[in-house]
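Throw the hints in and build the complete structure from the sequences for me.
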Amino acid sequence: AEGLNSKIMAIKRKACGYRNREHFKTAIYFFCGGLNLYPASS
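The opening residue of the sequence shown carries number 4 in our numbering; numbering runs sequentially from there.
Just so you know, the hints here were simulated from the structure itself, not pulled from any lab data.
There may be inaccurate statements among the hints.
[Claimed, not checked] Below are the EDC-like pairs computed for lysine to aspartate or glutamate, each with C-alpha atoms no more than 20 Å apart in a straight line:
| hint | residue 1 | residue 2 |
| --- | --- | --- |
| 1 | 15 | 5 |
| 2 | 15 | 25 |
| 3 | 10 | 25 |
| 4 | 28 | 5 |
| 5 | 17 | 5 |
From a predicted model like this one, the values you see are computed outputs, not experimental measurements.
Spelled out as structure tokens, the structure:
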């Protein structure tokens with residue numbers, strides 16, 4: 004939980020450019036979600 008909190012706080016420090024809370028929430032999901040964004044090879 005400590006690592007996740009520090010990631011969120013880092014995003015919050017950079018958040019001065021986000022227009023609203025939805026963009027901030029999306030950034031948290033993007034950076035902390037652990038998604039595999041590489042294209043799938045078939």
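* **Hint check against the structure, violated hint numbers in rising order** => none
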